[in-house]
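Please dock the two separately framed chains into a single complex, following the hints provided.
One-letter residues, chain by chain:
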Amino acid sequence: MSGAVGREAVFPTRQSLGLMKSKLKGAEIGHSLLKRKSEALTKRFREITRRIDEAKQKMGRVMQIAAFSLAEVSYAVGGDIGYQIQESAKQARFRVRAKHENVSGVFLPQFESYTQEGVNDFGLTGLGKGGQQIQRCRETYARAVETLVELASLQTAFLILDEVIKVVNRRVNAIEHVIIPRTENTIKYINSELDELDREEFYRLKKVSNKKQRDVAAADAEILAAREKAAAQQATNPEKNSTVQVEEETTDVLGEQEDNDVIF
Amino acid sequence: MEGLFFNVNGGYVEGIVRGYRNSLLSGQNYSNLAQCETIDDVKLQLAPAYGDFLASLPPNPSTSDLAGRMTDKLVSEFRYLIAQATGSSAKFLEYMTYGYMIDNIALLITGTLHERDTRELLERCHPLGWFETLPVLCVATNIEELYNSVLIETPLAAYFKDSLSHQDLDELNIEIVRNTLYKNYLEDFYNFINTHPDFSGTPTQDIMAEILQFEADRRSINITLNSFGTELSKLERRKLYPEFGKLYPEGSLMLSRAEDVEGVALAVSAVADYKAFFDSVGLSQGGGMGGMGGGPADGKSLEDLFYQKEMDMSKLVFTRQFTPAVVYAWMKLKEQEIRNVTWISECIAQNQKERIGNFISVF
Chain E
1 MSGAVGREAV FPTRQSLGLM KSKLKGAEIG HSLLKRKSEA LTKRFREITR RIDEAKQKMG
61 RVMQIAAFSL AEVSYAVGGD IGYQIQESAK QARFRVRAKH ENVSGVFLPQ FESYTQEGVN
121 DFGLTGLGKG GQQIQRCRET YARAVETLVE LASLQTAFLI LDEVIKVVNR RVNAIEHVII
181 PRTENTIKYI NSELDELDRE EFYRLKKVSN KKQRDVAAAD AEILAAREKA AAQQATNPEK
241 NSTVQVEEET TDVLGEQEDN DVIF
Chain H
1 MEGLFFNVNG GYVEGIVRGY RNSLLSGQNY SNLAQCETID DVKLQLAPAY GDFLASLPPN
61 PSTSDLAGRM TDKLVSEFRY LIAQATGSSA KFLEYMTYGY MIDNIALLIT GTLHERDTRE
121 LLERCHPLGW FETLPVLCVA TNIEELYNSV LIETPLAAYF KDSLSHQDLD ELNIEIVRNT
181 LYKNYLEDFY NFINTHPDFS GTPTQDIMAE ILQFEADRRS INITLNSFGT ELSKLERRKL
241 YPEFGKLYPE GSLMLSRAED VEGVALAVSA VADYKAFFDS VGLSQGGGMG GMGGGPADGK
301 SLEDLFYQKE MDMSKLVFTR QFTPAVVYAW MKLKEQEIRN VTWISECIAQ NQKERIGNFI
361 SVF
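Protein chains in written order, with full-length UniProt numbering: chain E, 1 to 264; chain H, 1 to 363.
Bound-form chain H, shown alone (with noise of 0.2 Å):
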């Protein structure tokens, strides 16, 4: 029922992403990639799919600037998109941009308790996170401002409010600050795919409902592994788990009362493929905290098997239709290929071959 009107307003933004999706890079391109000796090999392998982008760069750019003109594709693609989306799309869209604008939020918040000049950060915000009154923010030159004009300019202001007041903003750590506000945006993503009227009972609904729960417990899991040692209580951490997901709510329980590797594998051993991500890695066993340098034989990290397995979904999105959430699993899959093309160039710049492999190849 849902797909008879879907087309009307959404079939064009379906079709240009499914369209987009097919220039991304295949397993046929990495291993081209991998074989570059140069990075100027790598731009040149990388102009089909490109193009425009990287041509004005310097022979041998830094592989932060190809980086950088990667995401000015992804940008301006999305922002084709957007523009192009109408109605509940439109907002799925703008839900989908929230998670960056935290993270701009989060810069400009750091550098006013610094009291440096905020508007040299404006730069470093991510693009996606950027609305029109973000430079509103830079006025502000103490918390207290900002705190409001935060909840007056922004779209954050339901995330703020809540949950945190301006001392909060003055006392807290910005990290607890950025998952504080990661967490209200992913519930709030979470209950509007779920209770829009548009998207309630569609397949939207089911995909997006998977994605974030896997995001919020991958929050959740990595919360709680890398605040062993610091000094973050229990009683806060626990405030940084989403509420909900496969593991909510005992699994979150009983990763706020782990206090070691073995107790965040035994709280998230209920979850099937949790489970067997904490085998792979060889935490549950009580090894050392796995990682990408010293840890299992196969070189993937507990990182690398959770991008393995949103990658995947990502991938599976694509068999659906009549839904936005092609374009959530779109562009999650172009930011991990402009990691992997990252990665693949500090490879070849830091002349590291042997670690080259090391990246998540989807199609």
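With the rest of the complex left out, here is chain E (with noise of 0.2 Å):
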């Protein structure tokens, strides 16, 4: 899993290596977060879910009524009065209004439905006759509209929640099974190339004062044989090598190499 993630292109640095670890952070707070949030809509889209199940069901018995009454109506005027109907209906009686509702950051459209009283244009369809069944037919499908209403805003509501959840979902699946891992990838990659650049330098100084050990070594051995050589040359010539040696005791005093034996 985490071969395949990859990881970030950074540079090995332990400044970037701060960063990563903030960002890390920040994708779990993310993501405990945004998975909450997920529960909670899917907690509200299976409360929406059981409600479109239960108006359906309601629409059904309800719009069954209204049918009916409005077979009780052509029975009761024994004729087609829908053209009246059509015609003398000018204003709406029965309206809807819409608003909004928040569920955790997402906006559901709400749709409220409500009578304007005092709007009665056909009150006085069937006054002849069938009157009574005129009006109770249109209580009955004004029922029916108000379910229909209710379930038309369930059923928004259960499209736009569909879209937010899966959307949530896709957030949370990234960052919990992409961006975690890669995280943690580009950490433990920073992490252990700055330990091989440690080991690098480590390595390095080791090297570094063997070479010192070894240059020194080479200069004790050329220091001493110098010194046997001078040894060898002062026993076939003393005086001049008394000079040589004042010469050499000026320059060399704070040398490295032990004083020798001024003999005289």
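Treat the hints loosely; a few may be bogus.
[What the hints assert, rightly or not] Here are the computed lysine-lysine pairs in the DSBU-like style, where the Cα-Cα straight-line distance is at most 30 Å:
{"id": "1", "chain 1": "H", "residue 1": "239", "chain 2": "E", "residue 2": "129"}
{"id": "2", "chain 1": "E", "residue 1": "99", "chain 2": "E", "residue 2": "58"}
{"id": "3", "chain 1": "H", "residue 1": "275", "chain 2": "E", "residue 2": "43"}
{"id": "4", "chain 1": "H", "residue 1": "309", "chain 2": "H", "residue 2": "275"}
{"id": "5", "chain 1": "H", "residue 1": "234", "chain 2": "H", "residue 2": "275"}
{"id": "6", "chain 1": "H", "residue 1": "161", "chain 2": "E", "residue 2": "129"}
{"id": "7", "chain 1": "H", "residue 1": "43", "chain 2": "E", "residue 2": "129"}
{"id": "8", "chain 1": "E", "residue 1": "129", "chain 2": "H", "residue 2": "353"}
{"id": "9", "chain 1": "E", "residue 1": "90", "chain 2": "H", "residue 2": "246"}
{"id": "10", "chain 1": "H", "residue 1": "73", "chain 2": "E", "residue 2": "229"}
{"id": "11", "chain 1": "H", "residue 1": "309", "chain 2": "E", "residue 2": "129"}
{"id": "12", "chain 1": "E", "residue 1": "90", "chain 2": "H", "residue 2": "315"}
{"id": "13", "chain 1": "E", "residue 1": "58", "chain 2": "H", "residue 2": "234"}
{"id": "14", "chain 1": "E", "residue 1": "129", "chain 2": "H", "residue 2": "300"}
{"id": "15", "chain 1": "E", "residue 1": "58", "chain 2": "H", "residue 2": "300"}
{"id": "16", "chain 1": "H", "residue 1": "353", "chain 2": "E", "residue 2": "56"}
{"id": "17", "chain 1": "E", "residue 1": "99", "chain 2": "H", "residue 2": "315"}
{"id": "18", "chain 1": "H", "residue 1": "234", "chain 2": "H", "residue 2": "315"}
{"id": "19", "chain 1": "E", "residue 1": "129", "chain 2": "H", "residue 2": "275"}
None of these hints come from the bench; they were simulated from the model.
Shown next as structure tokens:
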């Protein structure tokens, strides 16, 4: 898994390690928040699904009653009143207003139905006969439309929530399965690179000190050889050697080699 | 005495109608219909009575199609009768169509008021209310032209002339116009059968006076009940009551003053029949508006009882002879039959079998 997600293209420095660490922390917080949001939405979603089911069944019943009351009207009036009613209706009595509801950051439209009292365009239809049936039919249909409006707001909420839940879940999964592993990988990579650098540095230092030791040893050997040579010369030409010895003494006073015994 | 020469002119028509009467659906037919599972079964059950008219319907027709075909049959039979009738009988049959004409003209007025193409409305007009000059009314584009052509072209001119002006058509609710016309029509019809020399003193006068009085009372009561809670004022309401009938004048006056159902029940309490209706639907005890739905235990509404009464009266008409009133009675019975079948097929189509018995079977 971690192999597939790769890592981010960063220079393995301590600064970017700090950045990555804070990023990982942020991702984890975001993940838990989104997870909670998704759960809240899902809860709501289930509730809406249940209510849609109820509303649909209610709609079935109500529509049936309404259609039947229309049959009652046609029985009582004995004719077609459709045209007259269509023509005499001028203003909507049954109105719908929309408002928003905020469910964990998602705006769900809610339709609310209300009747405009006083608008009664065909109140006189069926005055001669069947008026009561017509009024009752109208009331039944008003109830049916009410159910339809309720169902409409639920359905809209259903669609929107569905979409939002998908998006949120996608984000949750993306964070969980891509961003966090990748950041972790990057951190691991930076750590390993830094360790590697540390080791290289150590090795280098070791090499340097080795080399220094070697150099010192070589210098010592050289000095020793030179001294032996000088001692041999002194033995053959002591006068000359004394003056050299004095010169040498002035130059080599801070030398590392231990002072030779000055023999006069 | 009136029976002596009636058959010279009216015998054939009466005979035909009595034949038609026999094809009306009986209680047995209705109980068969009520057992049907689909509209096709209904169609099959209706085949003996309606035969050719239903044959061309597609399988499982809609209830409105079914009702339309049944109405077609009624119309064609009635047209045959009116073609055969002569003299005062023909006039009587014409009077019967005026009621439908009023509906058609109200439809056209509605269309003209809303500036629709009224030609499309011609199809929606009731075929019984069709008269030759009806399409002429479609020429009118505004309400004043329409008013003038109605006055010139239609048999209903008399009903318009005295009580409605063209401004009224514009301003008044179409239902008020319609009911005003209907009131005038009923009064005119009543006057016609009482004063026409061929009818006064004959069984026609007896029968039709009773039926028309009932019709007038029914309209008054319905208008009153239906006007509660609307903008119709008491004064306007009073103008819509026909000025005859068992309730006229005292009952009408009380109706015009009634403010609720109790008031109506009080107003009609002078007439035993109506009082019985109100008692049986429980309106007079201050119950709610009884209706087909949430009303009384036996499921009958006031409208149902009125229809029932109308059917009983129509049925009794066939016990009389030498009168064109049987045509009227037959037509009412037939209309009720169409309504019954529509109701039954609606119940079947909508799977509401428990209410299927709510029709009025006469024979």
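Right, here's what the structure says about each hint:
With a C-alpha separation of about 17 Å, the suggested pair residue 239 of chain H and residue 129 of chain E falls inside the 30 Å cut-off, and the hint holds. Among the hinted pairs, residue 99 of chain E with residue 58 of chain E is consistent with the structure: their alpha-carbon atoms are about 23 Å apart, no more than 30 Å. This hinted pair does not check out: residue 275 of chain H and residue 43 of chain E have alpha carbons roughly 61 Å apart, beyond 30 Å. Between residue 309 of chain H and residue 275 of chain H, the direct Cα distance comes to roughly 13 Å. Compliance with the 30 Å bound is thereby established for this hinted pair.
Restraint check for residue 234 of chain H and residue 275 of chain H: the C-alpha separation of about 22 Å stays at or below 30 Å, so the hint holds. Pair hint residue 161 of chain H plus residue 129 of chain E holds up; C-alpha atoms about 25 Å apart against a cutoff of 30 Å. A distance of roughly 29 Å separates the Cα atoms of residue 43 of chain H and residue 129 of chain E; the hinted pair therefore holds under the 30 Å criterion. For the given pair, residue 129 of chain E sits about 25 Å from residue 353 of chain H by alpha-carbon distance, which is consistent with the 30 Å threshold.
Distance check on the hinted pair: residue 90 of chain E and residue 246 of chain H sit about 39 Å apart at the alpha-carbon level, beyond 30 Å; violated. Restraint check for residue 73 of chain H and residue 229 of chain E: not satisfied, since their Cα atoms lie roughly 152 Å apart, outside the 30 Å limit. Distance check on the hinted pair: residue 309 of chain H and residue 129 of chain E sit about 15 Å apart at the alpha-carbon level, within 30 Å; holds. Among the hinted pairs, residue 90 of chain E with residue 315 of chain H is inconsistent with the structure: their alpha-carbon atoms are about 43 Å apart, more than 30 Å.
The straight-line distance between the Cα atoms of residue 58 of chain E and residue 234 of chain H is roughly 41 Å, outside the 30 Å bound, and the hint therefore fails. Pair hint residue 129 of chain E plus residue 300 of chain H holds up; C-alpha atoms about 15 Å apart against a cutoff of 30 Å. For the hint linking residue 58 of chain E to residue 300 of chain H, the alpha-carbon distance of about 27 Å falls within 30 Å, and the restraint holds. Restraint check for residue 353 of chain H and residue 56 of chain E: satisfied, since their Cα atoms lie roughly 23 Å apart, inside the 30 Å limit.
Only pairs whose Cα atoms come within 30 Å are accepted, and residue 99 of chain E paired with residue 315 of chain H is rejected, the gap being roughly 60 Å. For a cut-off of 30 Å, the pair hint linking residue 234 of chain H to residue 315 of chain H is broken: about 36 Å separates their Cα positions. In summary, the hint linking residue 129 of chain E to residue 275 of chain H is supported, as the alpha carbons are separated by about 19 Å, within the 30 Å threshold.
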